[in-house]
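Order-wise, the sequence lines are chains U and W.
If you use my numbering, the first sequence corresponds to residues 692 to 1170, in order.
If you use my numbering, the second sequence corresponds to residues 38 to 482, in order.
These aren't lab readings, by the way, just hints derived from the structure by calculation.
Don't be surprised by glycine CBs; every beta carbon is placed ideally from N, CA and C.
A few of these clues could be false.
[Claimed, not checked] Just so you have them, the derived chain U footprint on chain W, three or more residues with Cβ under 8 Å: (1) 276-287; (2) 353-364; (3) 405-411.
Letter by letter, the chains look like this.
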Amino acid sequence: MQLIFEKSVPGRRGVRIPLADVPKASPFPEALRRKEPVALPEVSELDLVRHYTNLSRRNFSVDTNFYPLGSCTMKYNAKVAENAGGLFAGCHPVLSLLPGGEPLVQGPLSLIHGLEEQLAEITGMDQVTTQPLAGAHGEMTGIMVIAAYHRARGDRRRKYVIVPDSSHGTNPASAAMAGYEIVTIPTAPYGDMDLDLYKEAMSDEVAAVMMTCPNTLGLFNPHIAQICALARQAGALTYYDGANLNAILGKVRPGDVGFDVIHVNLHKTFGTPHGGGGPGSGPVGVKKELIPYLPTPRVVRKGDGSYAVEAHPEGIGRVSDFFGNFAVMARAYAYIVLLGREGLIEVSEQAVLNANYMMARLKGAYDLPFDLTCMHECVLSASRQLKNGVHAIDIAKYLIDRGFHPPTVYFPLNVKEAIMIEPTETESKQTMDDFIEAMLEAARMAQSDPRQLHEAPVTTPVGRLDETRAARAQQVCCE
Amino acid sequence: MGYCPNTPEEIREMLAVIGAGSVEELFAPIPAELRAKSFDLPAGMSEFELMRHMREKADACGAEIVPFIGAGIYDHFIPAAVDHLSSRAEFYTAYTPYQPECSQGTLQALYEYQSTICRLTGMEASNASLYDGGTAVAEAALMSLRITQRNRVLLDASVNPLHREIVAGYLHGLLAEAVQVAPKGCESDLERLMASIDEQTAAVVVQNPNFFGSVQDFTALAARAHEKGALLIVSCYPIALGVMATPGEMGADIAVGDGQSLGNPLSFGGPYFGFIATRKRFIRNLPGRIVGETVDNQQRRGYVLTLQAREQHIKRHKATSNICSNQSLCALRGLIFCAALGRKGFEELALLNYDKAQYARSVLSGIGGVTLLNAGATFNEFTLSLPGEAAPVVERLLASGVAAGVPLGEYFPGMEKALVVTVTEKRSKDEIHRLAALLEEALCS
């Protein structure tokens, strides 16, 4: 398909701008003026609408295809939450900073406070900030809070953060952004961080350990409370990566387990749209001792029931401009209110049921590195298919031809030829059965006709793309 | 209900396949003592009740106030096509384009977005967007540390104070230093900035137009920074770039900014998007996702995420940044906004902002006791000095339904009388005169 720039015709006009009702000013100073107008496309509104409508049709999405992308929780996004999130479009955030501005924005402030309370109850933490703009941003914020806590206690020896090798890449990257050195602990044969190696690594130089539970293999770590206790004995804090919170809603609260800091991904567990890669939202929750170090500003409820914006003088400062991705937060708040207590418990139960059903039906045809009851996702391996020269990526591409978005492949890194499937609770048995049939067919084809798998996909606007060429050419914008 | 479709019959069938007696049995791996101690949430609601509840909150959000405030976030008109096209579920319910063959819609849109950002800023390479304007400035500062292997950033204090706070926080953990250089009146103190660059300076960070609304030429500053082996980072307001000289034309190495004004609603602070663009030679130091052009197995043009070896899912703690997502949907809105206006319309929009602000500037600075503090050119924002403290005046005008501007006292000690006023194309002549009348009345009483 042509680029919008290639559809441009000099002199063609799109949308009209508002009319001027003031006299023309003396010209913008020549010395400060750009040499040429911005070379934007010149297209009609219909050209524009057709272009982006047709582009959208070149995407798989939750609303058009089953999207079992492991670790991403691609559940259905309730339409009513979209309507709810759009209600605040006209609310200027700077109003909240003006003298006398707080009374004008009580609605959004009460929503933020309400969401913070909901999330604190759901996760078992004492206080939540909604400022972080995505999961990774929440991780960085959480680690900065941990650093501030140690610093305030005069504890300056702690320079390491421990992560398991199955962790999301953002965990070590976020800790490094906050200035820490990373210690990576391998996975033991039982599918979780090796407890003995962890004990060896733990010391009074460790600032924190970052855990995902259930982990990226979809397994609940039976030693998780012990991991927290060992950290506490050494004076280190524990960080819970909430990427997989969908598995344990109403069943386990990280705060009860002993975690000190968590982040949650509203775009995963709380059903806000993934937007083609964002916007997300990554609120951070902490235990009481860490509240002083949360970022500024804080929304507080006053004695008279009204809401105010306050600074956090001892805190880590600002991590984003205002209160976070508010319209995303409004959707998550709406989702929690809509589902309520029982609805949220149903989410985790059905998510875990769907994942175990998927695993049970596929483990005959694919290797299952850890044959245990899984939580919200399961990780298979295509190592059996590899004997016929078929890789996980070939199976993924074949699934596209069958109309399914592929699962996550090659993650976690500690499973060879990993295929990570997260159906989520919003998918029916019927849809999963269709997907399972396609997966079983791929396994059969790996034996009978591997060539056809190597050629997939053939039904998409483009076939397999040359990534090496892209990296070499570095063509990232059109001339 | 949690949008869970399986019937009791289907659930039974699934449990039989798994070999479990109940759903609860699947949670057996969780030790009993770790079970939730509480889960005290209200019962669910219907859509109808939910929307009634949400509307109550939205009715108390100050949307009726006439905003002459900006401070980085601007009330611009949004063409209807932006909402309609970005609401295509194929865009908003997709995720990161990890599988390019079934994500060409998002990938091509992001490639067009990157091209648009390069054209706006006069730079050669853009990523697929960052979180927001403030974190974009911080990421640019970190990028300059990586490129120069130095550990100090000179931060012009006429950069948005919220952004400066974010930069300071990001640098703190890395034991790098942000040295703030005070402005001279409402303009960057170019002489002092130039004199402060030394062999430890990774970059100088300026904003154009700056927080006071002043537009400046940073060409000489760029040249001096380069002489000393440092970079120039320019944070800019994209609507101003419709008429203002670009960071690229001035010799900047990194251009950043908040993309909110390009088709993203105010929404009480987000979601917006940050943009970052640089010279091609620094492309491997960019944080975040980048889309590149390539061909498929039949030589057909297509797009993929590229240069991923910089990123956290491959490099882990050695990545250029921890950022994993971008603000794809907001960037898409920005792209559609720019394409809807087009070459001519975008310039006209910038000039309309300029004309309206110039008009308001002359009306307001004509009020007795009010003076203009900007020494040179401004775009759609300017700083006034009032006879007394600005904060109580702003509070008083808010009660009349007008947000007169942002009082500077809290951010710039000593500037308690100063007020930054913003005038976008949406502010009518009548509203400008209403602001003038209210201001005059407040100052007289």
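Hint by hint, here is what the structure shows:
| no. | hint | in the structure |
| --- | --- | --- |
| 1 | 276-287 | holds (count 7) |
| 2 | 353-364 | holds (count 11) |
| 3 | 405-411 | violated (count 0) |
Hint compliance for this structure: hint 3 alone is broken.
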